[in-house]
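Build out the structure end to end from the sequences listed, making use of the hints.
What follows is the residue order along each chain.
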Amino acid sequence: MSDILDILLAANFWAAALRIATPLIFGVIGALICERAGVLNLGIEGIFTAGAMAGWMAVWLGAGLWGGVMVAALAGAFFGLIHAILTVPLGLSQHVSGVGVTLFATSLSYFIYRTALPEVSSPPRIEAFQPLNIPGLSDLPFIGTVLFQQTALTILALLLVGVTGYVLYRTPLGLAIRAVGDNPSAVESQGLSVYGLRIGAVVVGSAIMALGGAFLTMSAFDAFFFGMVNGRGWICIALTVFASWRPGKALIGALLFGAFDAFQVRLQTEVGSFIPGQVFLMMPYILSILALIIVARKADYPRAMLVPYFRGQR
Amino acid sequence: MASDASTRPVVLQLTGITKRFGSLTANEDVCLDLRQGEILALLGENGAGKTTLMNILFGHYVADEGTVQVGDGNGGLVALEPGSPHAALEAGIGMVHQHFTLAENLSAFDNIILGTEPLFAARVSRRQARSKLESLMERSGLTVNLDIRISSLSVGEKQRVEILKALYRDARVLVLDEPTAVLTPQESDTLFQTLKKLSDSGLGIIFISHKLAEVLASSHRIAVLRLGKKVADLPTGGCDQRQLAELMVGAKVSETIRPPQEPGAPLFVLNGIWAGQGRNAIEGVSLTLKSGEILGIAGVSGNGQTMLAKVISGVERPERGTIKLGSVDLSHANARVMIDNGIARIPEDRHHDGIVGTMTVWENLASESVRKPENQRFGLLRFAAMKERARAAIKAYDIRCQSEESPARLLSGGNIQKIVLARTLDGAPQVVLAAQPSRGLDVGATADVHRRLLEARARGAGVILISEDLDELMRLSDRIAVIHRGHLSEADPTETLDRSTLGLRMAGHSGADAA
Chain A
1 MSDILDILLA
11 ANFWAAALRI
21 ATPLIFGVIG
31 ALICERAGVL
41 NLGIEGIFTA
51 GAMAGWMAVW
61 LGAGLWGGVM
71 VAALAGAFFG
81 LIHAILTVPL
91 GLSQHVSGVG
101 VTLFATSLSY
111 FIYRTALPEV
121 SSPPRIEAFQ
131 PLNIPGLSDL
141 PFIGTVLFQQ
151 TALTILALLL
161 VGVTGYVLYR
171 TPLGLAIRAV
181 GDNPSAVESQ
191 GLSVYGLRIG
201 AVVVGSAIMA
211 LGGAFLTMSA
221 FDAFFFGMVN
231 GRGWICIALT
241 VFASWRPGKA
251 LIGALLFGAF
261 DAFQVRLQTE
271 VGSFIPGQVF
281 LMMPYILSIL
291 ALIIVARKAD
301 YPRAMLVPYF
311 RGQR
Chain B
1001 MASDASTRPV
1011 VLQLTGITKR
1021 FGSLTANEDV
1031 CLDLRQGEIL
1041 ALLGENGAGK
1051 TTLMNILFGH
1061 YVADEGTVQV
1071 GDGNGGLVAL
1081 EPGSPHAALE
1091 AGIGMVHQHF
1101 TLAENLSAFD
1111 NIILGTEPLF
1121 AARVSRRQAR
1131 SKLESLMERS
1141 GLTVNLDIRI
1151 SSLSVGEKQR
1161 VEILKALYRD
1171 ARVLVLDEPT
1181 AVLTPQESDT
1191 LFQTLKKLSD
1201 SGLGIIFISH
1211 KLAEVLASSH
1221 RIAVLRLGKK
1231 VADLPTGGCD
1241 QRQLAELMVG
1251 AKVSETIRPP
1261 QEPGAPLFVL
1271 NGIWAGQGRN
1281 AIEGVSLTLK
1291 SGEILGIAGV
1301 SGNGQTMLAK
1311 VISGVERPER
1321 GTIKLGSVDL
1331 SHANARVMID
1341 NGIARIPEDR
1351 HHDGIVGTMT
1361 VWENLASESV
1371 RKPENQRFGL
1381 LRFAAMKERA
1391 RAAIKAYDIR
1401 CQSEESPARL
1411 LSGGNIQKIV
1421 LARTLDGAPQ
1431 VVLAAQPSRG
1441 LDVGATADVH
1451 RRLLEARARG
1461 AGVILISEDL
1471 DELMRLSDRI
1481 AVIHRGHLSE
1491 ADPTETLDRS
1501 TLGLRMAGHS
1511 GADAA
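Residue numbers (our numbering), protein chains in the order written: chain A, 1 to 314; chain B, 1001 to 1515.
Calculated directly from the structure, the hints in this document are not laboratory data.
If the Cβ cut is set under 8 Å, some of the chain A residues that face chain B in the computed set are:
{"id": "1", "residue": "171"}
{"id": "2", "residue": "173"}
{"id": "3", "residue": "191"}
{"id": "4", "residue": "300"}
Because the structure is a prediction, the values reported are computed rather than measured.
Virtual Cβ for every residue (Gly too), placed ideally from N, Cα, C.
Have a look at this one:
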C-alpha cells in the first residue's frame, strides 16, 4: 500500500501524467469548441493523425519546430473545413461525415508518408521539442518538475485551456458560440450568421485537435509511425462528455486519464510479476468508462448538437 | 385610438409584397403601413400568409416582388435590404416569433445581449448592458430575473425576454407573431397592457392573431389577410366580431350552439386519483362523467391538466385511486387498453403526441386500430383496405391534403387535428378526452372541432373537454370543473357560472369565496 502512495506522491509521476494528458488536452478542447457550436466532430482521430504527420514532415523537410506546429494546425483546419462544409451548410449527418473525415485524413496521411518515404524501414527522426529549462522555475521542488520541465507544447496546451475558457464565457464571440450550439434560431434572430459561427468553430476546433497530433511526433516521440494516434481522438470525444463541455473540467478529465495511464505503468513494475500486463493496459480505459457512466448520466448536452440548421425552416 | 395618429410619421411601409413557394402564393400584392405609436393587428386564418409577410419584413425570406421601407427617423423612408435579419435589426425592427428564439441553456441576460456587441470584442461589457436593461425593465414594466437560465422561466417570462431583446436594440417597430397562442388569459391581459404602454411611448407595434376578441380589444387598426391578399384595413373602432370573422373566412360563419340535451347515466368515474410529482401532479382528483354530456375542465395551464389527460388516456398510471368505465376497472390500464375500451384521446400537443409526422396520412389514420381485423389478416397489414378507409375519412372529415400518401407533417395544424379527430371518433368511442382541442386553430377548424364534439355528445358519448379558453368551455360544456394546483373542484352546471366566477376559481379562490 505504501508503494502505491509513493507512486502517487512522486513528482515524476505527475510530470508523466501531464505529459500523457497533453495531446488529450488539445483534442478535448478542440472537440469541445466544435460541439459547443453544435457540431460533433468525429473526424478527430484522423485530424490527430494528419496533424502528427504534417507537423513532423514539415520539420523533417526543414521547417522550424514552430513552423511545423503551424503546418499541423493548418492541416487540421483543412479537414475541419471539409467536415464543416458537409455538416453545416449542406446539413449532412455529422456522424457519417466525421467518420468519413477520419478515414480520409488517416489514409491520406499514410499515403503521403509512404509516397515521400517509399524505401525506409525505420522512421526517420527529427530534432523534437526539448523539455524547458527555465532558470528558477524549473528548479522549484515538485512544481518545477511537474510543470516546468515539460516541453513548450504542454505549456501551450495549458494556456489554451485558460484562453478557451475566457473566450467562451467572457467574450461576445464565446456567447455566440454557446448560443449557436443551443438554439441557432436565437443567433439568427439576433442578426448573427449561424453558418459563419459554426464553420468558424469547427475549423478552429479542428486546428487545435491537430496540435494534439503534432505533440505526438514533435514532442512525445520524434518520428511518425502508423497507428501512433491509437484511439486518442476517441478518448477525447468521451472526455468532452465527461467535462460537460467545460474547458476546466476538460483539463481535469485529461489529467485523470493521464494519471491512470502513468499509474498503470508504475504499478506494472511493482506487481507486474503476478498480474498480466494487459490488465494494466486496460485500466485507464475501464476507469474512463466508469467515470463517464457516473458523470454522463446528468450530462447537459448542447441542445442543438447534431441538428443541422436550415434557414427559414421551423 | 389617438385622434392624431394619422398625422404621425410612418415608421414602416410594405408595398406590393408578393411571395410564392412553388405553386403556392403565400402573399399577393400586399401593402401595409404602420405609424409611430400605433398598434396594428394583422388578422387572418392559419395559412393566410401573416407569418410569411412578417418573415419577409424581418429578412427570413426574400419577397419575389415588392419593397419594404422603414422610417429614417426624420419623416422620410429608406428601403430595407431584403433577406437580412441583421439589416432589419439595424433598422429598428424587432420580432417576437411564435416559437421563441431563445437559447434555453443561457441566461436571459445572455440571450438579450447576444449579437449586440462586436463579435471580436475582448469582453462583454456587462455592467453597461445591465444598467441599460434595468432601466428598460423599469420603464416598460417587463420584469424578469436576468440571471437564471431560460429553461427555468415560464412561457410568459420567456415572451418578456423576447420583447426585451427587441427593446434593448432600440426597436421602433415591434412585430409579435401570435403572441397569445401560448399565454393564459391573465398573461395575455398583462401583455396587452404592456403593449399599450409601449405604443404610448412611440413604439409601432404589429401583432398577428386570429383571435377576434383580443384584436378588437387591443388594436388601433386591423388589417385582414385572406389567402395571401389583404382584404381589409380598417380602424378598430366600429368593427365587430361577426364582420371580422366574415372578412377572415370569406363566408358567413355560424356559431356552434349546444342543443339542450338531458344527460344519461354516469359512465366514467375517477375516484381519488393521485399521479405525478411537483408542478404537474394531480392530487386526489375525482370526477363523474355522464353519457351524453360535455364536462369542461378549466384551469390555467400547468395546474395538472396535462397529467389528468395522461392518466385518462392511460399514458400515465395513477399511484392511487380508481378509474371505472361502467363496471370495468381501468385503474391500471395502459393506453392500448384504454383505446380498446372506447376511451378516445385528442392529445394536447397534436404535432408531438397526435401524429407521426414523417408517416403518411393513411398510416396515421390507422395507427390506433392496426390490430383490428379490418386492418390486418394473419398478422399482415391490409394496405388496400386501410387506404380505402383513409380516403373515406379524408372525405368525411374534409382533411385537406394532396393525397392519403402525403406525410402528415406537411399538413396545417387544423388538418392535423382533423386526422386526430377522424382516427379517434371513427370507432364511436364511449368517452372522448379532448385536451386543448382548438388551441392554435383558426375559426373554421375550431368550428369543425366543436361540431364533432357536439356530435359525439349527441350520440350519447361522454366528452371531457380540457381547455384554457373560457368562451369555448362555456359554449360547449354542460358542466364545468376547475383544476388548480392539481386539485379539481366540483363540476357545476354551466348555467350557474360566469366568467368572473371561473376566473377566480382558476386563480385558486374556492367557490365559496367567490360567491
